[in-house]
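Visitor: So the protein sequences, as listed, match chains W and U. Everything in the first sequence is counted per our numbering, starting at 60 for the first residue and increasing by one. Everything in the second sequence is counted per our numbering, starting at 93 for the first residue and increasing by one.
One should not assume that every hint holds.
What the hints assert, rightly or not - Among the chain W residues that face chain U by a calculated CB cut under 8 Å, a handful are: (1) Gly123; (2) Gln248; (3) Asp249; (4) Met416.
Calculated from the structure, these hints are not laboratory results. All C-beta atoms in this analysis are idealised placements derived from N, C-alpha and C, irrespective of residue type, glycine included.
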Amino acid sequence: MAKFKTPLLDQLESGPWPSFVTDMKEMAKTKEEVNDLLGLLELSYKDKVGHWKHGGIVGVFGYGGGVIGRYTDRPDLFPGVEAFHTLRVNQPSSKFYTTEYLRKLCDIWEKHGSGMTNMHGSTGDIILLGCKTDELEPTFYDLTHDLGTDLGGSGSVLRSPACCIGKARCEFSCLDTQLLCHGITNEYQDELHRPAFPYKFKFKISGCANDCVASIARADCSIIGTWKDDIRIDQEAVRAYVAGEFAPDGGAFSGRDWGPFDITKEVVDLCPTRCMNWDGKNLKINNRECNRCMHCINVMPRALKVGLEQGATILVGGKAPILEGAQLSTLVIPFMEMQPPFDEFKAFVDKMWDWWMEEGRNRERIGELIQRKGMQEFIEVTEIKAVPQMIDHPRENPYIFWKEEEVEGGFTRDIHKYRKEHTI
Amino acid sequence: MPKVEYKGDSWMVDDDGFIDDFENWNQNWVEYTIGTEGVTEMTEDHWKLVNYIQEYFKEYGIAPMVRLLTKNTGFKLKYMYELFPSGPAKGACKVAGLPKPTGCV
Numbered sequence: 060m061a062k063f064k065t066p067l068l069d070q071l072e073s074g075p076w077p078s079f080v081t082d083m084k085e086m087a088k089t090k091e092e093v094n095d096l097l098g099l100l101e102l103s104y105k106d107k108v109g110h111w112k113h114g115g116i117v118g119v120f121g122y123g124g125g126v127i128g129r130y131t132d133r134p135d136l137f138p139g140v141e142a143f144h145t146l147r148v149n150q151p152s153s154k155f156y157t158t159e160y161l162r163k164l165c166d167i168w169e170k171h172g173s174g175m176t177n178m179h180g181s182t183g184d185i186i187l188l189g190c191k192t193d194e195l196e197p198t199f200y201d202l203t204h205d206l207g208t209d210l211g212g213s214g215s216v217l218r219s220p221a222c223c224i225g226k227a228r229c230e231f232s233c234l235d236t237q238l239l240c241h242g243i244t245n246e247y248q249d250e251l252h253r254p255a256f257p258y259k260f261k262f263k264i265s266g267c268a269n270d271c272v273a274s275i276a277r278a279d280c281s282i283i284g285t286w287k288d289d290i291r292i293d294q295e296a297v298r299a300y301v302a303g304e305f306a307p308d309g310g311a312f313s314g315r316d317w318g319p320f321d322i323t324k325e326v327v328d329l330c331p332t333r334c335m336n337w338d339g340k341n342l343k344i345n346n347r348e349c350n351r352c353m354h355c356i357n358v359m360p361r362a363l364k365v366g367l368e369q370g371a372t373i374l375v376g377g378k379a380p381i382l383e384g385a386q387l388s389t390l391v392i393p394f395m396e397m398q399p400p401f402d403e404f405k406a407f408v409d410k411m412w413d414w415w416m417e418e419g420r421n422r423e424r425i426g427e428l429i430q431r432k433g434m435q436e437f438i439e440v441t442e443i444k445a446v447p448q449m450i451d452h453p454r455e456n457p458y459i460f461w462k463e464e465e466v467e468g469g470f471t472r473d474i475h476k477y478r479k480e481h482t483i
Numbered sequence: 093m094p095k096v097e098y099k100g101d102s103w104m105v106d107d108d109g110f111i112d113d114f115e116n117w118n119q120n121w122v123e124y125t126i127g128t129e130g131v132t133e134m135t136e137d138h139w140k141l142v143n144y145i146q147e148y149f150k151e152y153g154i155a156p157m158v159r160l161l162t163k164n165t166g167f168k169l170k171y172m173y174e175l176f177p178s179g180p181a182k183g184a185c186k187v188a189g190l191p192k193p194t195g196c197v
């Protein structure tokens, strides 16, 4: 029985999509606090102001992250949500679950908490919504002992690393994203659970440049699979695509008639580096010019395959707007072999973190620190050599400067005198 | 703001049990809070951490960043969690009588 009248929330149920309001009403039949939550949300819509107080520090012993404190400012009206904390639970790599795991998780959560989950939060974690303070430790105990799982990251820590489906189910993947994701999660347990960073830090791992976890836009360190050698071509299959025997894009555009497949228009002309040529019989690719964007492979997956010399491109500094505006990650390592135990990658991470922890201001993401101190300093401290592959176009790179000691005659040289001898 | 009492002293605390004013901090507050934060006894190392946090707070008005704590006390992060199981921010700062540290949640 509904405890509060919720006309504004009810309206959300009238749309064509499944509504969270319906789910909450269902849960409210057995969980009194969800009734209060519905009332609180209705009041928020009416007042046009959120009725959660800002933040809160709660947690479980041994960990500094993983639990986010939530308190309402109207406990007088809604006592069930006076303390309604959020738990982040570390998701398995690529979010592969057994139904048994999910059932157990829900059982634990209905026993200790509100029963409401968010699968998944934007970081990738399983989110358990609505835990009373004295239920935190028992929930944590059951999650770790009965389910064999762990809390995720919150606060100024390494957030739970996340990865795409990877080699488990995707032929495009150039690296074992799950192995790496699991590996760095285990390697950096201390950083994940015990806040010591200036701010949050996220790793996201995509198997190829399609970047299914959007790592370039959402991660402080994006790891994106790529290859070094040539795209593998099956010319017969290319001709079969042209002849209309195979549906392009894996049949993704089958909803209406787009006309016959035009390889020139849909593949060759859309190549960003114009490195392809179709002579009516054979497709030629100048692999030297290819920037591994994945477009042609996406369109004709039966004919074209990623190369065999595989690894990853490492990019750094992506983030949402906080102190500064949103940024995409910047390429810092064009190609790194990604074989377990990933020592080369970990060595890079350690150097990057040492610098950030030393120089970073409170709440400064690494991308912002790079903006403030310069990319030149970043590649110096991480001992990366600047190479042409790091930039988009010649002369577009604003951050690699000569140092005075590297310039003959230093910066005091008379440019006019120099130009007299060396005309342009 | 709830009121808590211990051995004849009383304090106002926030939702998470942090003291309302650093001025009201005393020995009894320490005894009272270590119970809730999983500390059985205040050793020399506990005090080293608490003292540093308090000195920093008196000078700058905020809690020190964790990196400063490890640098200035020489304690490893893991050891700080052994001293204060709920961590330096929730445990040590609460015992030291600081207001709730701000941070991303």
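Visitor: Each of the hints needs a verdict: does it hold here or not?
Guide: Quick rundown of the hints versus the structure:
1. Gly123: This hint holds: W/Gly123 lies near chain U, its Cβ roughly 4 Å from the closest one there, short of 8 Å.
2. Gln248: Status violated, d = 10 Å.
3. Asp249: This hint holds: W/Asp249 lies near chain U, its Cβ roughly 6 Å from the closest one there, short of 8 Å.
4. Met416: Because about 6 Å separates W/Met416 from the closest Cβ in chain U, which is inside the 8 Å limit, the hint holds.
Violation of the numbered hints given earlier is confined to hint 2; every other hint is satisfied by the structure.
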